[in-house]
Amino acid sequence: MTSSDPLRPSDHIDGDGGSIAQPRLDFVGWLRWGWRQLTSMRTAIILLLVLAIAAIPGSIFPQRMADPNGVTQWQTDNPDLFPVLDAMDLFDVYLSPWFSAIYLLLFISLVGCVVPRIKHHIKALQSRPPRTPARLKRLEDFRETVRETTDADADAEASRSIDIAQKQLKALGYRVERYDTAATSGRTYSVSAERGYWRETGNLIFHLALVGVLISVGLGGSFAYTGQRVVVEGQTFVNTLLDYESMNRGRFVGDDALSPYSMTLDSFDVTYQEYGSAASGQAGDFSANVTVRENGESREDAVRVNHPLDIAGDKIYLLGNGYAPTITVRNSDGDVVYSNSVPFLPQDNALTSLGVIKVTDGMPEQLGIAAFFYPSAAKLENGAYASAHGDLLAPLLTLRVYEGDLGIDEGTPKSVYVLDTEELTPIVGDGSDAPSIELQPGESADLPDGRGSITFEDESPAGAVDFTQSVKRFASLQVHHDQSAVWVLVFALSALGGLMLALFIPRRRMWVKATAADGEVRLEYAGLARGEDPTLKAAVNDLADGHARLLDAPSSRTTRK
Amino acid sequence: MPDLDSLSILFIWTAIAIYAAAFVAYAFDLARRSEVSADARLVRERDAMLVGAGAPAAGSGAPSGADAADAASDPAASDLQKRPRYVMARIGTALTVLGFLFQLAATITRGIAAERVPWANLYEFAMTGTLLVVFVYLLVNTRIDLRFLGTFITGLVVILMGAAAISFYVGIVPLMDPLKSVWLVIHVFVASLGTAFFALACALSVLQLMQSRRERKIVEAAEKQGPRFLATLPDADRLEGMAFRFAIVGFIFWTFTLIAGAIWAQDAWGRYWGFDVKETWTFIIWVLYAGYLHARATRGWRGNPSAWLSIVGFTAVIFNFTIVNVFFKGLHAYSGLS
Ligand code: HEM
Chain F
295 MTSSDPLRPS
305 DHIDGDGGSI
315 AQPRLDFVGW
325 LRWGWRQLTS
335 MRTAIILLLV
345 LAIAAIPGSI
355 FPQRMADPNG
365 VTQWQTDNPD
375 LFPVLDAMDL
385 FDVYLSPWFS
395 AIYLLLFISL
405 VGCVVPRIKH
415 HIKALQSRPP
425 RTPARLKRLE
435 DFRETVRETT
445 DADADAEASR
455 SIDIAQKQLK
465 ALGYRVERYD
475 TAATSGRTYS
485 VSAERGYWRE
495 TGNLIFHLAL
505 VGVLISVGLG
515 GSFAYTGQRV
525 VVEGQTFVNT
535 LLDYESMNRG
545 RFVGDDALSP
555 YSMTLDSFDV
565 TYQEYGSAAS
575 GQAGDFSANV
585 TVRENGESRE
595 DAVRVNHPLD
605 IAGDKIYLLG
615 NGYAPTITVR
625 NSDGDVVYSN
635 SVPFLPQDNA
645 LTSLGVIKVT
655 DGMPEQLGIA
665 AFFYPSAAKL
675 ENGAYASAHG
685 DLLAPLLTLR
695 VYEGDLGIDE
705 GTPKSVYVLD
715 TEELTPIVGD
725 GSDAPSIELQ
735 PGESADLPDG
745 RGSITFEDES
755 PAGAVDFTQS
765 VKRFASLQVH
775 HDQSAVWVLV
785 FALSALGGLM
795 LALFIPRRRM
805 WVKATAADGE
815 VRLEYAGLAR
825 GEDPTLKAAV
835 NDLADGHARL
845 LDAPSSRTTR
855 K
Chain L
76 MPDLDSLSIL
86 FIWTAIAIYA
96 AAFVAYAFDL
106 ARRSEVSADA
116 RLVRERDAML
126 VGAGAPAAGS
136 GAPSGADAAD
146 AASDPAASDL
156 QKRPRYVMAR
166 IGTALTVLGF
176 LFQLAATITR
186 GIAAERVPWA
196 NLYEFAMTGT
206 LLVVFVYLLV
216 NTRIDLRFLG
226 TFITGLVVIL
236 MGAAAISFYV
246 GIVPLMDPLK
256 SVWLVIHVFV
266 ASLGTAFFAL
276 ACALSVLQLM
286 QSRRERKIVE
296 AAEKQGPRFL
306 ATLPDADRLE
316 GMAFRFAIVG
326 FIFWTFTLIA
336 GAIWAQDAWG
346 RYWGFDVKET
356 WTFIIWVLYA
366 GYLHARATRG
376 WRGNPSAWLS
386 IVGFTAVIFN
396 FTIVNVFFKG
406 LHAYSGLS
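Note that the protein sequences, when read in sequence, are chains F and L.
First residue of the first sequence? That's 295 in this note's numbering, and the numbers climb one at a time after it.
First residue of the second sequence? That's 76 in this note's numbering, and the numbers climb one at a time after it.
It is worth saying that the hints were derived from the structure and are not from the lab.
A virtual CB, placed ideally from N, CA and C, is assigned to each residue, including glycine.
Among these hints, one or two may not hold up.
Stretches of chain L that chain F covers, calculated by requiring three or more beta carbons in the stretch to come under 8 Å of a beta carbon on chain F [as the list claims (entries may be wrong)]:
(1) 185-192
(2) 251-258
Below, in silico cross-link-like pairs of lysine-lysine (DSSO-like), each with a Cα-Cα straight-line distance of 30 Å or less [what the hints assert, rightly or not]:
(3) F:K609 with L:K255
(4) F:K461 with F:K431
(5) F:K673 with F:K413
(6) F:K609 with L:K353
(7) F:K464 with F:K431
Simulated DEER-style distance windows between Cβ atoms [unchecked claim]:
(8) F:G364 with L:L85: 38 to 46 Å
(9) L:V401 with F:L375: 23 to 31 Å
(10) L:K292 with F:K431: 31 to 39 Å
(11) F:Q367 with L:V401: 17 to 25 Å
(12) F:D846 with L:L173: 23 to 31 Å
(13) F:G406 with L:E190: 49 to 57 Å
(14) L:W88 with F:P755: 49 to 57 Å
(15) F:D846 with L:R377: 39 to 47 Å
(16) F:D743 with L:E190: 54 to 62 Å
(17) L:E295 with F:F321: 28 to 36 Å
(18) L:K292 with F:P373: 52 to 60 Å
Kindly produce the complete structure, drawing on both the sequences and the hints.
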């Protein structure tokens, strides 16, 4: 190995070999030995393979970060096994200490391996191509020609041909150096050339860029925030902490980090595949049409799938959508005690939806209502309803009503989507005397025993002829702020670029040597691959042929003295 | 108006049948190569007796030069004083080209019928993916003789495409919203290209293992040296070199797939990476091949161990393509099966 060769770990195929020998048995000796082990190629391979294997369980078990509901489901299905696996972090694989340990070790190894190589490479970039070997013939890729010269001055001809070769190699991107010697049997002229430094540069860029990706991802998380908010048509969302349903904040995101803007959901568009077509009823082209108010100006825009909306460095995504039936409850005096458009959770593709209404004040006892909404209700054989289509073709709301203490005042947070009926008394529907209430938009029904009434409001604009606008829709939006994403991309693309350089740029040495003898010049061409280089042989041939052409070219002859 | 999708199905089954025939032809070719190499050995032994015990068996090492043409002119041939014409291999390749044309027609008609790129559900991934495998195989064959991989490639394509046509077929439906993106065109296409190169690398790695076993047996002067067609193939070193070159091209495509997927995920799902099942497997495959590239450059790992890594890597690719798509639950629920 010469100094312009890239530095390699000792167990590299071109490495200096065998130096991971028995350590000196003192502390420093062991440390040094351990470090060499850690930064060896073998360790890198093993850590890579271990990383691959360690990533597998995360694809088998549901992960909290990707699929929290799946984890809850798994827990319900396997109550005994769950705690054991959970203790092993199998539901948080990618955040677990053992997974982190593997990739951190890998990156320590990487840095330990790459830093000395960078130092070495910087030096190599400044070094000159090595001396021409005495016997080029020994190299595998070698070519030789003898040119007669009529000229008595074979020596000048030899010198001239090396001048030409030098220019030729330089034009091919080689770094060149002349080594002319006065040998015993006549003078020899030679040019030594080397190319492909970008191969090592690319490799280093690649590995460093990986570190860059890791750091950007790690740091980025601390400055990022993601919030979720459900907005019903007509509602306005203000970008403050209070207005989010849930918000995940990185460590360094302060309370005042949110930019002041607001957004009104004007309408929500969906298109359905027609009846009779393939995929009949499939919904698509979702578009949440919004009015954004920012810095005192307002503009109209839309949030669509694959087309997040940019506002003040935030990205707004459309995560989901559904119906938000407007429901009004009146007490026995006819006073409105509850009126709201309630987002219902979709249960299937035809948007059968489930909703919960909690009437906390104004009634003798609190009311809890569990409701199903069917946008296109169809009665099944067993008497139950199902939705046949996602659009509002035959909207129907069915309700069960419970009475009792909803437990809202106890201070334990309760999800707005869950009604815990254990402590409640059914008064309408299953378990009570009254059958469940069924309402179409615009209809009302009385609650039993003169408690009051419940109304499913029709939201259609005046003059509507069908139900298609009778129920409001909601959009579930995600607001995401992560400035590191662009850095991750920059580093990832640098890695890709570095990789291409490292894998496709051949690194090789070339030599052309001319020896003058009586009336002839012997020309030798040789190439030496440094690492993978399948095209070397062709390159040597091309060089020799090109050289011959240049030597014969009339222009080069006329320039002779 | 003809129903283009039915036409596409007709084409695809025709293509599968032709590939199956190509497989048979290639299999005969391997058998024929065994005979050639056996004949060659007889000739060599006779020559050796004539010239005397000390004469080296000419060309006992397979070609090792970097020149592509070397692979075709094998030692057995020169011993027999004639180039074997590998008639069966030619038939196999001709059939593969024909099958390719039918499959291309099937893919294009499907795309026209669907009015979009024909790679938006599992059936279509299989169709376009295997089309690219065959395309890359044929393309490479115009420069390097790789017909000895014919059985592997046509076999793989018949199995994957046949299984897809039988159990993954879905009619044409409009795209789901998240798929309406230029990234569908780029990301999936490049992933399929990467897969094609990994497939060739894997086939070469398998042969490399067989060849290196044979070479070891020869050194040990063992009686049985494994399948005789191996004698007409390049030596293990050269097979490894070729496998490596395909693997690095595949790896670069795969790296790009990973990045393009992250960009798409950022737009469609609001985060660039979330260890969704499919993302995880793409990552696992990438890491496995990174391990392979290192192994190639590490003493004690070059040769057989690295060949095993290339095979494991491709197994993961196939696993990702089939099992993960069909059975694992995740955001990439675009197989079109339900
Ligand atoms: C995150 C972990 C790593 C990944 C994903 C990775 C990936 C790669 C890839 C894809 C290559 C082939 C492309 C090229 O030659 O530039 C490569 C080459 C290389 N890597 Fe790594 N690497 C990692 C860690 C390491 C570590 C820890 C070391 C040091 C022990 C190392 C040393 C090398 C060396 C010396 C080469 C050049 C091999 C050759 O001569 O062809 N890498 N790496």
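Consistency of the hints with the structure:
Coverage of the region 185-192 of chain L by chain F is violated. Counting CB-CB distances below 8 Å, 0 residues qualify, and the rule asks for three or more. Here the region 251-258 of chain L counts 5 residues with a CB under 8 Å from a CB of chain F, which clears the bar of 3, and the coverage holds. With a C-alpha separation of about 19 Å, the suggested pair K609 of chain F and K255 of chain L falls inside the 30 Å cut-off, and the hint holds. Restraint check: the Cα-Cα separation between K461 of chain F and K431 of chain F comes to about 23 Å, which is no more than 30 Å; the hinted pair holds.
A C-alpha spacing of about 76 Å is found between K673 of chain F and K413 of chain F, which places the hinted pair above 30 Å, so the restraint is violated. Under the criterion of a C-alpha separation no larger than 30 Å, the hint pairing K609 of chain F with K353 of chain L is consistent with the structure, at around 24 Å. The hinted pair formed by K464 of chain F and K431 of chain F meets the criterion: a straight-line CA distance of about 23 Å does not exceed 30 Å. Here the CB-CB span from G364 of chain F to L85 of chain L is close to 41 Å, well matched to the stated 38 to 46 Å.
Distance hint for V401 of chain L and L375 of chain F: a CB-CB separation of about 25 Å, consistent with the stated range 23 to 31 Å. The hint said 31 to 39 Å for the Cβ distance between K292 of chain L and K431 of chain F, and at roughly 35 Å that hint holds. Distance hint check: the CB atoms of Q367 of chain F and V401 of chain L are about 20 Å apart, consistent with the given range 17 to 25 Å. For D846 of chain F and L173 of chain L, the hinted distance range of 23 to 31 Å is not satisfied, since their beta carbons lie about 48 Å from each other.
About 54 Å separates the C-beta atoms of G406 of chain F and E190 of chain L, a value consistent with the hinted range of 49 to 57 Å. For W88 of chain L paired with P755 of chain F, a C-beta distance near 54 Å keeps the hint of 49 to 57 Å intact. For D846 of chain F paired with R377 of chain L, a C-beta distance near 44 Å keeps the hint of 39 to 47 Å intact. Checked against the hint of 54 to 62 Å, the pair D743 of chain F and E190 of chain L passes, with Cβ atoms roughly 60 Å apart.
Remark: the range hint 28 to 36 Å for E295 of chain L to F321 of chain F is contradicted by a beta-carbon distance near 47 Å. For K292 of chain L paired with P373 of chain F, a C-beta distance near 56 Å keeps the hint of 52 to 60 Å intact.
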